[in-house]
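S.K.: Chains A and B, in that order, give the protein sequences. The opening position of the first sequence corresponds to residue 1 in the numbering used here, with each subsequent residue numbered one higher. The opening position of the second sequence corresponds to residue 1001 in the numbering used here, with each subsequent residue numbered one higher.
Some hints could be false.
[Said to hold, decoys possible] Pairwise CB distance ranges, derived in the manner of DEER restraints: (1) G1092/B x H108/A: 24 to 34 angstroms; (2) P1247/B x R170/A: 37 to 47 angstroms; (3) R170/A x F1146/B: 49 to 59 angstroms; (4) H108/A x K1065/B: 51 to 61 angstroms; (5) A1245/B x I314/A: 22 to 32 angstroms.
[To be verified] Some chain B residues well away from chain A (every beta-carbon gap over 12 angstroms; in silico): (6) D1004; (7) E1027; (8) G1032; (9) F1049; (10) E1053; (11) K1132; (12) D1171; (13) Y1189; (14) E1203; (15) M1206; (16) M1239; (17) N1248.
Hints listed in this document are in silico derivations from the structure and should not be mistaken for laboratory results. C-beta: ideal position from N, C-alpha, C; glycine also.
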Amino acid sequence: MEDILTTPISQTALAHFEARLQNDEKIEPKDWMPEAYRKTVLRQMMQHAHSEVIGMQPEGNWVLRAPSLRAKKILLAKIQDEGGHGLYLYSAAETLGMDRTEMIQLLHEQKAKYSSIFNYPALTWADIGAIGWLVDGAAIVNQVSLQRTSYGPYARAMVRICKEESFHQRQGYEIMATMMKGTPEQQAMAQDAMNRWWWPSLMMFGPHDADSPHTEQSMEWKIKRESNDRLRQKFIDKTIDQAYVIGLTIPDKDLKFNEETKSYSIGPINWDEFWSVVKGNGPCNKQRMTHHIKYHEEGRWVREALEAFAKKQIEMN
Amino acid sequence: MTTDQARYQYLLRFADTSLVMAQRLAEWCSRGPILEEDLALTNISLDYFGQAEAFYNTAIPFGGKQETADDLAFRRSEREYFNFLIAEADNGDYARTMMKIYLLSVYLEKIYTALSTSSQPELNMLGVKSLKEIMYHKRHSSAWLFRLAHGTAESASRVQQALQDVWSYTDDLFSTDVCDELLSGELNYEITAMKHVWLAEVEEFMKQCGFVLPQTTYQIQGGIKQMHTEALGHVLCEMQYLQRAYPNAKW
Ligand SMILES: [Fe+2]
Ligand SMILES: [Fe+2]
Chain A
1 MEDILTTPIS QTALAHFEAR LQNDEKIEPK DWMPEAYRKT VLRQMMQHAH SEVIGMQPEG
61 NWVLRAPSLR AKKILLAKIQ DEGGHGLYLY SAAETLGMDR TEMIQLLHEQ KAKYSSIFNY
121 PALTWADIGA IGWLVDGAAI VNQVSLQRTS YGPYARAMVR ICKEESFHQR QGYEIMATMM
181 KGTPEQQAMA QDAMNRWWWP SLMMFGPHDA DSPHTEQSME WKIKRESNDR LRQKFIDKTI
241 DQAYVIGLTI PDKDLKFNEE TKSYSIGPIN WDEFWSVVKG NGPCNKQRMT HHIKYHEEGR
301 WVREALEAFA KKQIEMN
Chain B
1001 MTTDQARYQY LLRFADTSLV MAQRLAEWCS RGPILEEDLA LTNISLDYFG QAEAFYNTAI
1061 PFGGKQETAD DLAFRRSERE YFNFLIAEAD NGDYARTMMK IYLLSVYLEK IYTALSTSSQ
1121 PELNMLGVKS LKEIMYHKRH SSAWLFRLAH GTAESASRVQ QALQDVWSYT DDLFSTDVCD
1181 ELLSGELNYE ITAMKHVWLA EVEEFMKQCG FVLPQTTYQI QGGIKQMHTE ALGHVLCEMQ
1241 YLQRAYPNAK W
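The shape of chain B in the complex, shown without the other chains (with noise of 0.2 angstroms):
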């Protein structure tokens, strides 16, 4: 592998998070609990979205292929995808989606906080963009998670059973490839040091909820190694039916 398909590779694991992450949040249009949370989630959607888009953009010319970010959402299947498994996950109630983004998102404003110092300019550029974003995003899930926290006995109770079933998709977001060793002197972060920072500041806003850290030792994994579970391949079956039915038709 040369360093410029370890970086196309690399980058397709964020816009593939990305694209999926905004897909399932799309879902919540015209189902949130209140009308501002409607709006609130199909805006983190849309953040994602472009975030998916300009990843997509800059990881192109690296792969040095001619395909477009059309071709790269709606033309890849399920063994294609390399995002991290917790994107996939269903939504569940409002309490899980909002697991979903705060702890994703923690992750994200590491990532991107560490490729903003990079020497590599649109890995540089990237982190830079993305950042001010993945940070109200992290600001609008940890303030729901917080009131609901300490809201009702069912709201606590339910986010409680949030943070254990989600839970399960965290270590994922720590497993590297050899992408991450070729690219080592240009992301600017070291995984085991970051999986420290993120615990740290997940344990503690846990804390100030009212709960402490799951037990549970069981972990699923393999987002970027293109082993995904069973959940994205209907997501993408719907994303891309109309591509996939017409395949000459331009929208």
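The shape of chain A in the complex, shown without the other chains (with noise of 0.2 angstroms):
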């Protein structure tokens, strides 16, 4: 009896979370969770929700000159697809406790990241097959792996968002295989594109597990299931063999088959650069901020007035 009075309710909450936790169990939004659970999830779910809404910038840079109609509506509906994974992610993020206005706040104020990725330009049309292959490429062996993260409205929109993904792949791949394919100009577009993209996309698994602090908490915690280095290192293994067979080179002279264990090691990756794109020094860090901060203040008019509508109803019923 005395022990039930003494303990702190959050004792015995936190003994219920972590035998969730231990049960591979899901965290719904209406359990109670450790404050900094919370917090490192809502700050990864925003992040990933501005990241595909970034990411519409650089496709969107080549919408107008598609060059048929059907490379028009593949790409259209593809980024169509990102902005919906983007809608998607900010409602599950919501379930937080914060919502879109003030995740794009923070966002504005550059106190909420995204995917640095989207920091690089897309310079010619082979870019655009680059990044659905290699950028979405990278994106979906991450997705997979947080399908079975342990908060629930979060893992849940992996699952739907993957089932979306491997088009997006495919489409970027099938790119790259028609222009391998085309005359020499086409080819060197292509080899361009891959040289400029490769590395960037093997940075997007973040830093080595070594130098990487946080990760440790995150697996503990189940919100993150594998770590930087195993991700990359099954991307990797799995793209290499692809660009071979459209004959693309992988622009690392130190890259190496090991036979025994069937997969690749590559040279060192360029730390230096990830961390000055991260830190605001991309070639495209302030364009695509300017560009998310002037069309969001030239949207102000629409949602004023239709929260002015809004009211006006509410009043009139």
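Two chains, two frames, a set of hints: combine them into the complex.
M.R.: Shown next as structure tokens:
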């Protein structure tokens, strides 16, 4: 009796939370969770949502110049999917107690990040191929793993999103394959895109495990299910052969195939570049944010009108 | 001009209108006032691309030339396009884009409804196929215009301005040429009567929004005579860039 009265509620709640994690059960919005867990998941989901939305910019840069009716339809549908992922992730993140407006505010104040990969420019049509094939390809490896993340709404969002991602990667690979079968100019364009996007795609998985201080806690909470290096290796092993099939060269002179482990080992990643882009000094950081803020501001009158209209409707009823 | 040639050219009128409209709406990608609308506008753009393709592919056999939908879209110049001028008019702000979509979709709804009763099987099929999407575009744009008209003072005045500006492109929708004459037996509509129906519906809707129709008599016309505004050249220039720069390449 004494015991029950003196034990703080959070102690039993914490035990309950940990038991759920232990049994691989999902944590749901109504469940008690440690504040640090809530913050970590919220941050990750918000950044994931922002990444989907900012990612619309480099691809949107080619939507008006896509070279066939078919290419136009595919690219538009793909970008639309990404926007849909953004919407879906924003509402899933809202279950943790922050609304979309505030998340966008944090993005604009540069207190919330998005994937650094979108701070590279989409210079030629081949970049649209490289983005779909490599960037979505890397995202898939990460998102498949996150289907088993411990926060229920996030895990379910990933299941839904992963269904669309394989189409994204295929359309990108198809663009590359078509160009590699094309004129010498097209082949050069494809290889150039490969050279520029290969290393940034590998950086998408984040620093090496040894230099990734938050990984351990995230793994304990089962937010993260596999380490950065492990996910990166999966991506490398499945992608390199795809490159060879269509005649692309991997821009890595140290690349080796290990017969024993049946996997590739790569040369050193340029982490200075990675951190420089993360800290805001990539080629498009400024452009992406300026664009997002500009059109958010230009749409303000529409959102205000919508709110005013809704208020009038309520008053009338 | 033979009947088949008339069908070819008549269908290009709608194919080109759909294509240019699609291209314009795709400009909103990553620029919408809210994410939901970004997606809705790309969705409408996608519908129009699909319709353009369907109209091109239906037109091609009537033209009797060796060509593809992509040839028609990417290898013709500004004096070879048949689209209505409203399609190439710049997007402007969100109110103006919604006004363009609304005024055009009321018109296309009437045309496609008539075509869907045509005795000519291809026209009939295109009418039936396109109608559902066009009706959705009309619902979407009218719902937005209504909300904006009854939103804030700013949004109401932007819609009013949009109506004023886009109005000058509407007579163009009712211009006709020799194709209409040659196909009169299978089009199942008469353009003057259709204009009355269109006008009555638009007037009634604008009344609900709190606006009267513009008094302006200033109208620009010429789309189906291949006389365009300066805007079209820029739209095509951007759209056709890769096909023109690498004429031997396949994408
Ligand atoms: Fe996505
Ligand atoms: Fe994707």
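S.K.: Taking the hints in turn, state whether each one holds.
M.R.: Status of the hints after comparison with the structure:
In this structure the hint that G1092/B and H108/A lie 24 to 34 angstroms apart at CB holds, the actual value being about 25 angstroms. Against the hinted window of 37 to 47 angstroms, the Cβ-Cβ separation of P1247/B and R170/A comes to about 28 angstroms, which falls outside the hint. Range check, R170/A to F1146/B: about 41 angstroms between beta-carbon atoms, so the 49 to 59 angstroms window is missed. Against the hinted window of 51 to 61 angstroms, the Cβ-Cβ separation of H108/A and K1065/B comes to about 53 angstroms, which satisfies the hint.
Taking 22 to 32 angstroms as the suggested C-beta distance range, the pair A1245/B and I314/A does not conform, at roughly 55 angstroms. With a least beta-carbon separation of about 23 angstroms from chain A, D1004/B lies farther than 12 angstroms from that chain, consistent with its non-interface assignment. Consistency note on E1027/B: stated as away from chain A, yet its beta-carbon is not over 12 angstroms from all of that chain's, at 7 angstroms minimum. Once the 12 angstroms rule is applied to beta carbons, G1032/B is inconsistent with being away from chain A; the minimum gap is 7 angstroms.
At roughly 5 angstroms from the closest C-beta of chain A, the C-beta of F1049/B falls inside 12 angstroms, breaking its exclusion from the interface. For E1053/B, the requirement that its beta carbon stay farther than 12 angstroms from each beta carbon of chain A is not met, with the minimum near 5 angstroms. Taking the minimum C-beta to C-beta distance to chain A, about 18 angstroms, the non-interface status of K1132/B holds against the 12 angstroms cut. Distance check for D1171/B against chain A: the nearest CB is about 29 angstroms away, which clears 12 angstroms, and the non-interface claim stands.
A cut-off of 12 angstroms between C-beta atoms confirms that Y1189/B is not in contact with chain A; the least separation is 28 angstroms. With a closest Cβ-Cβ approach of about 22 angstroms to chain A, E1203/B is found to remain outside the 12 angstroms limit, as its non-interface label requires. The Cβ of M1206/B sits about 17 angstroms from the closest Cβ of chain A, beyond the 12 angstroms cut-off, so the non-interface label holds. Taking the minimum C-beta to C-beta distance to chain A, about 6 angstroms, the non-interface status of M1239/B is violated against the 12 angstroms cut.
Taking the minimum C-beta to C-beta distance to chain A, about 6 angstroms, the non-interface status of N1248/B is violated against the 12 angstroms cut.
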